[in-house]
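In UniProt numbering, the protein residues as written are 1 to 253.
Hints may contain errors.
Computed cross-link-like contacts, BS3-like style, restricted to lysine-lysine with a CA-CA straight-line distance of at most 25 Å [stated by the list, open to error]:
1. K158 with K48
2. K87 with K74
3. K7 with K177
4. K7 with K182
5. K71 with K82
6. K132 with K74
7. K158 with K182
8. K132 with K89
9. K132 with K82
10. K71 with K132
11. K91 with K132
12. K48 with K182
Keep in mind that the hints were calculated from the coordinates and are not lab data.
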Amino acid sequence: MSILDHKAQAYDAEIPVLIVGAGACGMTAALAVSEQDVEVLLLERDTKPSGSTSLSSGFIPAAGTRWQHEKVIKDTPVLFAKDIQNKAKGKADPELVQLTTESAAPTLEWLSDHHGIPFELLEGFLYPGHSKLRMHAVPEHTGASLLHRLNESVVRRKLPLLCEAIVSDLFVDEMQKIQGVKVLRSNGSMETIGCQTMILACNGFGGNPELLNRFIPELAGMDYFGHLGNQGNAVSWGESLGAELRDMGAFQG
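Could you put the whole structure together from the sequences, leaning on the hints where they help?
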């Protein structure tokens, strides 16, 4: 992956918002962008939308949802944030924790109301670290089903999604702002796409032995059961552009 100069670059296509990664995160972002009447394009490296969510249970923690209210469970984003900090021993970024805990419930209800994705509250036992029942899931209780429903919403809204499209290079301006990407297609051809905004939704680096050895050497050589597409592209790109890295040694396993 290279960082290339944007000057005088003529792009094959241009789009206001470009999203790298068509998993649950990327498709949710695309749906949100499209509701603002802004054009968006999803790029996915695999032959079809997949990612870590498709391999997971698809359970989503959220505090203060209507599904909790139906079960008379009193929960708040503040309590959710407290649970996160207790689990992380106070090391989690307070602003990110607040953003996550305050956004989770409205996001689930928006996906349900605007895109017809049904959620239910999981009952029976408390998940580790949570003081309230706050895990939500689609009826099938699988990440693959959640991803399928998100993909159906993307298709219904006719949002463009290119599979087998691997971002190989970034074009940046003198302020280090991303202005476009170079994309490798499955037939070996290269395309360039300009953008005003790029959203990185390409997950972590669990599938990259080199980055694992660098950041979490105690996991080097261990079996990895996540998505092999998690190559740490966002980490590498961000670092190349001068972004600060934090908490790179944290893991659960």
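Holds or violated: K158 with K182, Cα cutoff 25 Å?
-> Given pair K158, K182 holds - Cα atoms ~24 Å apart, limit 25 Å.
Is the hinted pair K132 and K74 satisfied, with a Cα-Cα distance of at most 25 Å?
-> holds, 8 Å
Is the straight-line distance between the alpha-carbon of K87 and that of K74 25 Å or less?
-> holds, 20 Å
Is the straight-line distance between the alpha-carbon of K71 and that of K132 25 Å or less?
-> Judged against 25 Å, a Cα distance of about 12 Å means the pair holds.
Between K132 and K89, does the CA-CA distance stay at or below 25 Å?
-> Roughly 19 Å separates the two Cα atoms, so the pair holds.
Is it true that the CA of K158 sits at most 25 Å from the CA of K48?
-> holds, 16 Å
Straight-line Cα separation of K132 and K82 no greater than 25 Å?
-> holds, 12 Å
Given the proposed pairing of K7 with K182, does the C-alpha separation stay at or below 25 Å?
-> Measuring from Cα to Cα gives roughly 14 Å; hence the hint holds.
Does K182 lie within 25 Å of K48 when you go C-alpha to C-alpha?
-> Holds - the C-alpha atoms of K182 and K48 are around 20 Å apart, at most 25 Å.
Is the Cα-Cα distance between K91 and K132 25 Å or less?
-> holds, 21 Å
Would you check the hint for K71 and K82, treating anything up to 25 Å between C-alpha atoms as holding?
-> Holds, at roughly 22 Å.
Can the restraint linking K7 and K177 be considered satisfied, given a maximum Cα separation of 25 Å?
-> Roughly 12 Å between the alpha carbons, so the hint for K7 and K177 holds.
The structure meets every hint from the earlier list without exception.
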